[in-house]
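*Asks:* Chain A is fixed; fit chain B onto it per the hints.
Quick note, the sequences are listed as chains A and B, same order.
The numbers in the first sequence follow the working numbering, run straight up by one, and end at 364.
The numbers in the second sequence follow the working numbering, run straight up by one, and end at 1364.
By construction, these hints were calculated from the structure, which means they are not laboratory data.
Hints should not be assumed to be uniformly reliable.
Unchecked claim - To give an idea of the chain A side of the interface with chain B (calculated C-beta under 7 Å), a few residues:
#1 Val3
#2 Glu80
#3 Leu87
#4 Arg118
#5 Gly148
#6 Met151
What the hints assert, rightly or not - Just so you have them, the derived chain A footprint on chain B, three or more residues with Cβ under 8 Å:
#7 1015-1025
#8 1081-1088
#9 1134-1147
#10 1152-1159
Nothing here was measured: the structure is a model prediction, and the numbers come from that model.
For each residue, glycine too, the CB sits at the ideal point set by N, CA and C.
Number of protein chains: 2
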Amino acid sequence: MEVVTLDLGKNSYSINIGSGLLDNGPLIRNTISGNKVFVVTSETVACLYLERLEQALGGLEVDAIRLPDGEQFKNLETLERIVGELLANKHNRGTTIVALGGGVVGDVAGFAAATYQRGVDFIQIPTTLLSQVDSSVGGKTAVNHRLGKNMIGAFHQPNAVYIDIDVLKTLPPRELSAGLAEVIKHGILADVELFDWLEIHVDELLNLDEPAITHVIKRSCEIKANIVSIDETERGVRALLNLGHTFGHAIETNQGYGNWLHGEAVATGLVLAADLSMRTGRISPDDARRIRRLVEKFKLPVCPPPDMSATQFAELMKVDKKATDAGIRLVLIESIGRAVIVDDIEMSILEVTLESGDRLCEPI
Amino acid sequence: MEVVTLDLGKNSYSINIGSGLLDNGPLIRNTISGNKVFVVTSETVACLYLERLEQALGGLEVDAIRLPDGEQFKNLETLERIVGELLANKHNRGTTIVALGGGVVGDVAGFAAATYQRGVDFIQIPTTLLSQVDSSVGGKTAVNHRLGKNMIGAFHQPNAVYIDIDVLKTLPPRELSAGLAEVIKHGILADVELFDWLEIHVDELLNLDEPAITHVIKRSCEIKANIVSIDETERGVRALLNLGHTFGHAIETNQGYGNWLHGEAVATGLVLAADLSMRTGRISPDDARRIRRLVEKFKLPVCPPPDMSATQFAELMKVDKKATDAGIRLVLIESIGRAVIVDDIEMSILEVTLESGDRLCEPI
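Chain A on its own, in the form it takes in the complex:
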C-alpha cells in the first residue's frame, strides 16, 4: 500500500492507495470515532461494492443511501434527501459520513458532512479514476445550481481517503479516460516528468496495468496534496488546479450536466488553455500540439461542442467562481510542467481561441 499525507496541521490526513483496501476493515475503522456510519453511494456502485464495505465495517451501525447515477442529481434536493435519512435514522454529531462512489457522490456526501448539524466526520472511498486522482483529495465539496456548477459548497477535509485500485476494473472505458484528463492536467501544471511519462505509457494506462495506474494515482495525489497544504481555501496557488476548468465548466453548464463527463470537459478545456497560452506567447505551437495529441491519445475530446458559440462561452466564464471584479481569471501554461494565474486576459485573444474550435478538431 502506498500512503500520501496531506499536511494541514491538526486537519492532516492520509490518502491510502492499494489493492483490496475496500475489504480492509481494521484500516478503515481506525479512522471512525463513533459507532454510527452513514454511507452515501450510487445505485451502480452499491450493486458492486456496498455489501463488501458493510462487511468490512462489521460491528458498526451502518445506514446507506443509494443516489441515482448522474451529475444532474448533485443538487440541494439530494442534500435534503440525505439529511432526511440521517435524521430518520437518528444520526447525531458523532456520526461519520462515508462517500463510496465517484466525484458526484464524493462532492454531495462531502457537502452533507460539511453541513449536517454544522459538520460531521467524513471519509472518502473514491471508485472512479477521476475521483481517485482529483476530487477525493483536498476537501472541496459542493452541489450544483441550475445556473452554475459547484456554486454551493464548502471546504471540509475528510478524515482519510481510501483508494482501492481494484475497483477500476469495473469502470467503463469512457470514465477511465475522463480520469486521465485530470492526470494530464497535473502533469501540465506541475510536473513535466509526469507528462513525459504519460506520453510513453498510454497503452499501459488504458489497459489498467497495475504499477502504471498506481504510479499516476500516487503522483497525482502528491501533486494535489502539496498544493492544497500550501493553500487550503484557494486564496492563491490552489487556483492552479483549475487549469482547463473554467473552459470545462462552461461546456458542462451549456451542454447540461451529465452529457459531457467532467473529465471530458476538462480535457477540451486543457486544449483550449493550451491554445490560448500559445496565442499569448507563453508556449510554442509545438507544445500546444503535444498537449492536444496526449489528450487525443487518451480518447478524450479535443474540440468544444459544435453548437456552443464563443459568446456563450464568454458569458458562462464570466460567472465562474474564479472570476474577479476585474474580469475573467484563467490559468494558463507557461511551459509544460508550469502554470500561472492570469487576471488580465485580453478578451479579443480569448475570443480567437473560443472561435477556433473547428480548427482544434482537425487531425494533427
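*Replies:* Positioned in the frame of chain A, the structure of chain B alone reads:
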C-alpha cells in the same frame, strides 16, 4: 456608540451598538472590501429599512432579495433562490452578503454566505431584539429541515455586526418579548447581576427605554462573545448557550415553525430547564419560581403546548444536535448565573418535568 469585540484571532470582528447605525454609510462601508453587495432581507423589513440602507451604501453596486416573512421559509429552497439571484446578478467571490432582518434572515443569509462559491464575506444588520442579543453574534448559520430545526448549516463568522437600536421601535411587542427570552437566558447561564437587574427593569425594557435596552443588548453580546471566543465551533463550553433550546426546538418542530416564535419556545424551555434543575437537586424551588416569574413578567409563555405529549417531547429531543450516542444532553442550571452541561439525564426524572406542563401553567 458601544462596541463589543468578538476575539477570534484573525477572524475577530466588532459588534457595534447604537442609535442611527443603519444610516452610517462610512462605518458600514469600512467593512466591505469589494464593490458589490447583496442584501438579504424580508418583505416587512425591506419596506421599513431597505431604501435607507441602500442610500448608506451609495457608491457600491447593491442588489437585494426580499424573502417572505416567517421561519417556514428558512429552508434549502430559499438558499437556492438566493444563489440564483447572486448568479443572475453576476456576484463573484469578492461579493459581500448583508443580512438585514431578524434571526431567520440572518441564519439563511449567513448560510448563503458560508456556501456561495464555498464562502464569501458577510455582514449582519439585525432588526429584531432576538437577533441583536443572540443570533447575529457568533457565526452560527443554518436552514431547517422538515425533520428538524437548524439541521443543515455551517459556522461562518460575519465581518461585522451593526445593531441599530432605533429599529426596535417598529418591532411588534410579541417579538420584543421573544428577544428578552434570550436576554433572560444569558443572565441565568452566566450573570446573576444581569438577572437581578432584569427583575427590576421589566417596564423600562418593555417600553424600550434607550439606556435600558442598550444595556441588555451590550451585556448579552459581551456574554455571548466571551463564550464564543473560547469555543467557536461548540466542542465544549459554547453548548451552555443552548440552555432552554433542546426543549424549545422540540416545541418548534412539534408545533410547526412560525407558530411559536423561537424566543417564546426558548422561554418555555427555560422554565422546563429550571423545573428539571430543581428536580435533580441543582436549584431550589424558589429559584425555579423566580425564573418562571421573570419569564412571565416579560409576557412570555411558561407552559408547553397543551397538545404536546411527554413522549413527543422526548422523541424530538433525541434527534437534537446536542444529542450524543449516550443519550440526551441538556444544559441545566447550577444556580442563577451558572449553568452546566449534563450528559446522563435520568429519563424518569425528565419525564416528570415533561409531564408537569399543566402545573407550570398555574399562577404562581
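*Asks:* Give me the numbers of the hints this structure contradicts, sorted from smallest to largest.
*Replies:* Numbers 1 and 7 - these are the hints that the structure violates, sorted from lowest upward.
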